[in-house]
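Asker: Listed here are the chains, written in short residue letters.
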Amino acid sequence: MTSRHDSAPLLVIDDLHVEFDTGGSTVEAVSGVDLEIRAGETVAVVGESGSGKSVTAMAVLQLLGNGRISGGSVTWDGTDITHASNKKLRSIRGNDIAVVFQDPMTSLDPLYSIGNQLSEALRLHQRMSRKQARERAIELLGMVGIPDPAHKVDAYPHQLSGGQRQRVMIAGALACTPRLMIADEPTTALDVTVEAQVLNLMRDLQRETGVALMLITHDMGVVGEMADRVVVFYAGYVVESGLADDVLNHPQHPYTQALLTAIPRRDTPRDEPMPAIPGTVPGLHEMPAGCRFITRCPYAAERCSEPQEIVRLEVAGKQRDVRCWRADPAHRTSATIESELEVL
Amino acid sequence: MIAYAARRFVYGLLVLLIVTAMVFITLRAIPGDVVRVQLADSPGVTEEQIAQRTAELGLDQPVYSQFFVFMGGALRGDLGTSFQDNASVTAEILHRLPITLELGFLAILLGVLLGLPLGLISAIRKNTLLDQFLRLVSVVGISIPNFWLALLFITYLSLWFQWSPPLVYVGPFEDLSQNLVHMTLPAIALGTAAMASISRMLRSSMLEVMGSNFIRTVRARGASEWNVIFKHAGRNSTIPVFTLLGLQVGAVLGGTVILESIFSIPGMGSLIFESVQFRDYPMVLGCVIFYGGLFIMVNLLVDVAYAAIDPRIRY
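In the order they appear, the protein sequences are chains A and B.
Residue numbers for the first sequence follow my numbering, beginning at 1 and rising by one.
Residue numbers for the second sequence follow my numbering, beginning at 1 and rising by one.
Since the hints were derived computationally from the structure, they do not count as laboratory data.
Where hints are given, some of them may not hold.
In silico negatives: residues of chain B with every beta carbon more than 10 angstroms from chain A [claimed, not checked]:
no.: 1; residue: Val35
no.: 2; residue: Gly58
no.: 3; residue: Leu101
no.: 4; residue: Asp131
no.: 5; residue: Ile142
no.: 6; residue: Ile144
no.: 7; residue: Phe214
no.: 8; residue: Val218
no.: 9; residue: Arg219
no.: 10; residue: Ala223
Okay, the calculated beta carbon distance ranges per label pair [said to hold, decoys possible]:
no.: 11; chain 1: A; residue 1: Arg127; chain 2: B; residue 2: Val139; range: 43 to 53 angstroms
no.: 12; chain 1: A; residue 1: Ile263; chain 2: B; residue 2: Arg235; range: 42 to 52 angstroms
no.: 13; chain 1: A; residue 1: Gly142; chain 2: B; residue 2: Pro311; range: 20 to 30 angstroms
With a Cα cut of at most 25 angstroms, we get these calculated DSS-like pairs of lysine-lysine [stated by the list, open to error]:
no.: 14; chain 1: B; residue 1: Lys231; chain 2: A; residue 2: Lys131
no.: 15; chain 1: A; residue 1: Lys131; chain 2: A; residue 2: Lys152
no.: 16; chain 1: B; residue 1: Lys126; chain 2: B; residue 2: Lys231
no.: 17; chain 1: A; residue 1: Lys152; chain 2: B; residue 2: Lys126
no.: 18; chain 1: A; residue 1: Lys318; chain 2: B; residue 2: Lys231
no.: 19; chain 1: B; residue 1: Lys126; chain 2: A; residue 2: Lys131
no.: 20; chain 1: A; residue 1: Lys88; chain 2: B; residue 2: Lys231
Backbone N, C-alpha and C define an ideal beta-carbon position, used for all residues, glycine too.
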């Protein structure tokens with residue numbers, strides 16, 4: 001794992017800001033996200049709905065609809081692609097960076113056979129002939145575990161189950177052997193047994209192809225199972241990032257801690273209410289100027305109203321980034337400890 | 001598929017039968033006696049002569065027996081004889097049908113050839129000035145009655161260019177250019193509403209499809225906008241346009257009645273127009289059956305076309 005971290009990162013997102021037009025006014029959905037992904041690693045991006053994790057991922061490929069990058073930069077393999085031409089972006093999409101979307105039921109065109117849709121990227125990026133592309137499509141379908149691929153290649157999306165469609169989406173993503181696969185909550189729309197199959201498939205394929213994986217999820221269990229590193233989003237920025245196991249075992253940011261306590265456990269008594277973080281994520285129009293978690297944080301103090309910088313520290317010998325002034329050892333003065341005691 | 005088409009065909013015949021019965025009864029319920037209308041101008045007509053003529057036309061019989069006599073003939077392909085000149089209704093209609101078909105075809109062709117690109121441009125350039133303009137054109141096009149548009153054409157063309165539509169119809173196989181000179185204006189007047197509604201429908205269905213998840217997948221694959229629009233969004237947005245097209249054919253067929261009269265085109269439309277004035281029951285009924293049959297057939301074709309576009313639809 002150390003060798004991976006020595007190599008130059010594939011994808012560098014630096015202080016990314018993304019704005020959306022909402023009929024007259026603009027709102028900032030992502031405000032200053034930093035994120036790196038190295039070749040072959042799995043980075044889990046976690047956070048609640050609306051925390052900006054999907055928007056960040058889509059910003060990489062600039063598939064933002066009526067949104068746009070309003071600040072910061074995206075660097076792919078050493079090249080700044082923040083202001084790249086459409087042509088350049090198209091040559092990256094599906095070829096170097098591929099996406100598996102959340103809802104396999106609606107993410108395939110209902111009017112074309114899956115073979116046709118799988119062939120599209122191959123014919124486009126690899127200039128394959130119709131026949132070659134079809135051969136490769138059959139091969140890909142076999143690779144993702146679709147039974148009888150030579151026959152299924154002519155099936156239409158509606159003839160496949162949800163799990164099979166997500167396998168097709170994965171096959172489509174891997175068609176041109178990309179170096180990064182962005183999986184945007186790939187199992188949210190699937191039932192639990194199928195979810196495990198799809199995740200296993202992604203892990204196996206990752207091992208075979210060496211593709212890096214940006215796994216967007218809100219399932220902490222998936223993070224522990226799949227990820228090398230984890231990046232925790234809250235309300236449009238990153239609050240904590242580090243090695244997955246370390247973050248799960250020793251969360252530093254109050255939000256990460258709250259998120260981890262909110263995981264339902266098998267031994268939680270049935271009559272007890274499910275643990276949840278009180279309050280709601282602030283709306284995009286009403287973001288607090290300081291720490292964005294201030295409205296829900298049990299440790300909120302005066303200093304939290306000031307803008308929070310990322311604090312880089314070492315936890316258990318590993319690098320950890322936390323966006324909370326309390327995490328800074330220099331600030332762990334008697335005052336903070338007192339206020340924490342007060343809460344207790 | 002064939003079973004489906006056959007079933008739909010039988011339903012179509014049933015609909016046609018009901019339409020025929022309704023028109024048959026309605027015609028006889030219209031005030032004004034056909035015999036009196038026909039003989040009104042002749043001086044010194046006696047009640048006896050009127051009764052004799054009524055019996056000749058079979059109008060002294062009860063309506064239901066008239067209907068069965070008519071249906072008996074209709075099933076053998078004989079739609080009766082005209083009250084005006086005893087000509088065969090079937091022969092007269094078959095003689096005029098191609099003219100109406102040409103006009104209807106030109107109108108629909110115009111509607112599709114202009115409506116599709118306009119809708120497409122509107123959708124691609126959504127909310128731009130061009131889009132606003134095209135939408136305005138669509139609303140106006142849908143709202144203007146075709147006969148009024150036709151009257152505007154005739155009035156202003158003769159006023160400004162001293163041009164008026166020819167009075168004598170020339171078939172397309174005799175002199176195509178002369179024929180088109182005659183047909184173009186009524187086709188435009190008829191096709192405008194079709195064009196406008198097709199363009200509106202394509203715009204809205206295109207915008208809906210462009211926002212769907214699979215279009216995002218296509219883009220994420222690195223596909224060009226051309227591929228997104230013409231291969232994926234285009235085909236997916238055509239389905240509602242086809243439904244609309246079937247209905248527009250009905251509107252166009254209805255429009256031929258008045259437009260053929262305005263432009264003195266001797267098709268089925270002007271035939272039915274004259275026949276109604278003359279209370280020529282068999283002729284009106286024959287025309288209605290043909291109009292109805294055309295509409296039913298077109299909509300059957302539309303339903304079959306769905307299956308060709310959308311693999312989810314199987315009959």
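Asker: To test your reading of the hints: which numbers does this structure violate?
Answerer: Failing hints, ascending: 7, 8, 9, 10, 17, 18, 19.
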